[in-house]
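Protein chains in written order, with our numbering: chain A, 1 to 469; chain B, 1 to 176.
Hint data in this document are derived by calculation from the structure and do not stem from the laboratory.
Be aware that one or more of the hints could be misleading.
Said to hold, decoys possible - Ranges between beta-carbon positions, derived for each pair:
1) B/Leu59 / A/Pro8: 22 to 30 Å
2) A/Arg41 / B/Arg57: 47 to 55 Å
3) A/Ala100 / B/Glu24: 41 to 49 Å
4) B/Leu59 / A/Asp56: 26 to 34 Å
5) B/Gln150 / A/Ser36: 24 to 32 Å
6) B/His78 / A/Arg41: 36 to 44 Å
7) A/Lys28 / B/Leu59: 39 to 47 Å
Every residue, glycine too, gets a C-beta built ideally from N, C-alpha and C.
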Amino acid sequence: MRNVTPCPNWRELLSAYHDNNLSPKDRKRVAAHLQSCDDCRRALAQMDGDRDRFIDAYMAPAAKADLRESVLSALRSDTASAEAPKKFIFWDWVFHNISAAVIVTLILILAVFMSQGPQIDETKKALQAEQQTATAEEAPDTGDRLASERNTAQRILSYAQDTDEARALPDNWVAAQGNAFGRQQNKGLISGYTDGHAKYFQVPTLGTEDAYDATTVIISKGQKIPPNAATPGDGFYRVYNGPVSANNLLVPLDATGLQIAYDIDYRLQVKNALQKSRQAQKIISGLGGFTMNYQYVQDEHEPAVAGFNGKIPAEQVEAALAQIEKLGNVRWLTIAGEDLTEQFQANQQEIARQSEHAKKLDAISSRSASKVALGVESQRNDAKGQVNAAKQALTGLTTRHELVTISAAFYESQPREPLTLARATAGTRHVLNYALLLLVTIAVFFLLAALVAAPFVGLRYWRRRQMAS
Amino acid sequence: MLTDEQIVCRVRRGDLDAYGELVERYQRRLVASAHNLVGNEDAARDLVQETFIEAYRHLEQLRDAAKVGAWLYGILRHRAHSWLSARRPTVSWEDESVEEWFVAADPAERVDMTVLLAGLPTADRDALAARYLMDMDYDAVAKALGTTPQNARVRVCRAKERLRNLLDRAEKEVGL
Chain A
1 MRNVTPCPNW
11 RELLSAYHDN
21 NLSPKDRKRV
31 AAHLQSCDDC
41 RRALAQMDGD
51 RDRFIDAYMA
61 PAAKADLRES
71 VLSALRSDTA
81 SAEAPKKFIF
91 WDWVFHNISA
101 AVIVTLILIL
111 AVFMSQGPQI
121 DETKKALQAE
131 QQTATAEEAP
141 DTGDRLASER
151 NTAQRILSYA
161 QDTDEARALP
171 DNWVAAQGNA
181 FGRQQNKGLI
191 SGYTDGHAKY
201 FQVPTLGTED
211 AYDATTVIIS
221 KGQKIPPNAA
231 TPGDGFYRVY
241 NGPVSANNLL
251 VPLDATGLQI
261 AYDIDYRLQV
271 KNALQKSRQA
281 QKIISGLGGF
291 TMNYQYVQDE
301 HEPAVAGFNG
311 KIPAEQVEAA
321 LAQIEKLGNV
331 RWLTIAGEDL
341 TEQFQANQQE
351 IARQSEHAKK
361 LDAISSRSAS
371 KVALGVESQR
381 NDAKGQVNAA
391 KQALTGLTTR
401 HELVTISAAF
411 YESQPREPLT
421 LARATAGTRH
431 VLNYALLLLV
441 TIAVFFLLAA
451 LVAAPFVGLR
461 YWRRRQMAS
Chain B
1 MLTDEQIVCR
11 VRRGDLDAYG
21 ELVERYQRRL
31 VASAHNLVGN
41 EDAARDLVQE
51 TFIEAYRHLE
61 QLRDAAKVGA
71 WLYGILRHRA
81 HSWLSARRPT
91 VSWEDESVEE
101 WFVAADPAER
111 VDMTVLLAGL
121 PTADRDALAA
131 RYLMDMDYDA
141 VAKALGTTPQ
151 NARVRVCRAK
161 ERLRNLLDRA
171 EKEVGL
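Please model the entire structure based on the sequences and the hints provided.
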């Protein structure tokens, strides 16, 4: 048969027509063209013939192919090998282990919740009870309790004034130097401690010491102490629990400084008391005083300080203290001295040592050759610098030595924050709670892993079973 | 008679006999295609058997059960190309050698059409096997060849033309 070439523009369409892969519209077009074109019609017929030849050429030998049994027997042995111990037992093992893990984890969670749940409730109840008790105690703070505290304060005052040191001082001073008290925190009892010269008393009649936020007001006693005149017994204190006046302040009020500081116990974060302390600080600054904040890194306390620079009239201090009093929830106010004699003396010795060293260096440098003198000069300058630094420190110490502190503590009158997990875990059970948290995390992990893996593993397992059967 | 989808469904449920039916249904077309692709009948049979076994193992990857034929052809084609690249062809498809094989005696008996058609370029044999032997539409051909339906149409058309030229030459030279 002569090779017939179809019309160039119709080649592809004709081929698609031949393959019956045309849209109805194109199909009609090609059919119409075929009616009028001999070559294309013959080319189409050739395509038919070629296709038959092509198919016959391959289909004829393939007709005798019978792969059914060989394929199936291969697959059967394949399935059997799939059931061979290694692979099958592995998935079996995974499937059963995940199931077991889920069950064990669920039991663990249940067990932990059943044992921990009530304990958490107990913690909650205990805290609520404590809160209620505290509220009940704080409620009549203008009644018996306040009177009781005042009595206590009076007793402390009497005690303080009854010491030899106190009697030895001028009328308007109370000195305190005596035995170390040690730190006592007996509830309802007077407790105090001494730093060797001054005594500090606290009246922890409400709650524990943890629960308050102490504010310290420091008033300078306004007398410069000559560096060499520092003597033991200069410290003094007074516990005050009532309106402040010039009469019952045991220090001259022509003071040069006034400070307020507070300490926060971070374990409980008594916010209301903290707020009061901040307000006390503002009162001082509102009266022309200064404020400053600093941090003790070591014990994580964050005292804030407020004070007056220079001499201030007694009335102003009175006004400040009266306003602090008005803030309410005042646990106690104390006035106490701060004695830094030891530091002062140490500083003096350092000054003397450095001065002598500087003098020696001066003498050497005046005698020595220039090269040596340079080195000596440098050393001498160092020594002079150290002397200056020590002198400055001495000035600071002298100023601080004249400070007298008045401490005010505010108690928390607002309801405490509701129990949170953080607070619940803050207690002695926190280890158990963290363990619970860890277990829950592990359980969630296992559950998720099981949920994700189970369908796949299950399907595979099921199919293996099916094939095996 | 079960449709391809029904058979695949049964196989997926673990019915190995149903797979036997699928083998029955496609084995000849696949053997023919494989023969066309690799030019060796025995190898074609082996390749198809391997194809069926591989397909069974990966049946979960078959997305459209109605197109199981095209899917099988895809696996076969891949295997055939691997087979071809793994060993040099046993027959040469150079044009001049074609003449040696077709001694002008009794063409009906002597001319081995499969050897003659092996003279077609691989791409053309690929397209013709998919179109004629597997009876796939252009969409399926395109998928099997990894191209677009439009391109598949062009490739099939060209393959047909080259087939025509080859046959025309054979007709003239050996009196087919």
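How the hints compare with the structure:
no. : hint                           : in the structure
1   : B/Leu59 / A/Pro8: 22 to 30 Å   : violated (46 Å)
2   : A/Arg41 / B/Arg57: 47 to 55 Å  : holds (49 Å)
3   : A/Ala100 / B/Glu24: 41 to 49 Å : holds (45 Å)
4   : B/Leu59 / A/Asp56: 26 to 34 Å  : holds (32 Å)
5   : B/Gln150 / A/Ser36: 24 to 32 Å : holds (27 Å)
6   : B/His78 / A/Arg41: 36 to 44 Å  : holds (39 Å)
7   : A/Lys28 / B/Leu59: 39 to 47 Å  : holds (41 Å)
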